[in-house]
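If you read the sequences in order, they're chains A and B.
Residues 1 to 204 (our numbering) make up the first sequence, in order.
Residues 1001 to 1089 (our numbering) make up the second sequence, in order.
There may be inaccurate statements among the hints.
[As the list claims (entries may be wrong)] Under the rule of at most 30 Å between Cα atoms (straight-line distance), these lysine-lysine pairs were calculated in the BS3-like manner:
(1) B/K1045 with A/K27
(2) B/K1033 with A/K27
(3) B/K1033 with B/K1045
(4) A/K186 with A/K175
By construction, these hints were calculated from the structure, which means they are not laboratory data.
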Amino acid sequence: MFSLAEDALGRSDRPPSDERELVERAKRDPEAFGLLYERYVAQIYRYLYYRTGNPQDAEDLTARTFYRALEHLPRYQERGLPFTAWLYRIAHNIVVNWQRDRRRRPVIALDQVVTRTTGSDPQEILEEEEERERLMRALRALAPDRQELLILKFVEGMSNAQIGAIMGRSEGAVKSLYHRTLLELKRNLEGTDGGARSDTGPDQ
Amino acid sequence: MEEQEAILAQISEQLQRWLVPVEPPPAFARSLKRELIDAARRQHKRAHRLRRILVVGAAVIGSVASVAGLTAFLVLRRRARAHPPVAVG
C-alpha cells in the first residue's frame, strides 16, 4: 500500500471532513444524498461519456451508478480514500458489464461530437475532426484502467497522486502506467484503422 | 529516443486538446436528482419498517420466551412439591 500524504502544496488526498460528514448524513438523510449526487454527478457523467462515447449511454450509466451507490451506501465504510474512488469503482464496474453485455462498439454521432476546432476553414475543421476521431478510437481500444487513467488526468485534471488514490495505486505506479499508456496509444494511432482492440489486459 | 519522447509529448498535447470536460444536460441531472431522492426516501422507509419489524419481533419473541420460562418454572416447582424426593437410607 502507499501513504496518502500531503503534497508539496499542503493539499491532502485524504477525504475532507465535510465529505465524510456528508456521506454519513447521506446514509440517513435523502436530501443529503441529493447533495452528494450534485457534488459528483458531473465527474461521473464525464467519465462515462468518454468510456461509452455517447451521451445517451453516459446518462443511462450515470443513473445506474448513482442508484447502485444509493443501494450500497448504508454499507459504505470510509477507508482513507476519497468517496469518488468508491463512485468511480462502481461506474467502472457498470461500464465494463455494459460493454460485455451489449458487445457493441462505442459510436459518437457527428452531431454529438464535442468540438474544439480552432480554424474556420472547412477543410481545417474536417481534418481536426478526423484527428479527434482517430484519437478517440485509439483511446477506446486501450484496456479499461488505461482509459480511466487518461480520463482522470486530462478530463478531470487530477494529479498522479489523486489518480493513484482513486485507482488504488502508488503515485510512481500511475506515472509508469501513464508512460506505458502513451506508448500503447502511439501504437494504436500507428495502426491501420487507428485503434484495433488492444490485446493487453488491464494492468494490476 | 528523443524522437519517441517528442511523439509522446505530441500525443499528450492531442489528449489535452480533445479530452475536454463535458457537462451532463441540466434537465437530465435535475430529473435524476429528484428520482434518486425519491428512491432514497423509499429506501429509508423500507429500512425503518424493517427495523421496527425486527424490534417488535424481538420484543414478542422475548416476551414469549419469558412467559414460557416462567410457566416451565412454575410447572416444575409444582411437580417437585407434589412428588418430593425420597431420602435414600
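Here is what the structure says about each hint:
With a C-alpha separation of about 13 Å, the suggested pairing of B/K1045 with A/K27 holds against the 30 Å cut-off. Proximity of B/K1033 to A/K27 is assessed by CA-CA distance (about 16 Å); at most 30 Å being required, the pair is judged to hold. Of the supplied pair hints, the one linking B/K1033 and B/K1045 holds, its CA atoms being roughly 18 Å apart against a limit of 30 Å. For the hint pairing A/K186 with A/K175, the CA-to-CA distance comes to about 17 Å; that is within 30 Å, so the pair holds.
Violated hints for the displayed structure: none, as all numbered hints are satisfied.
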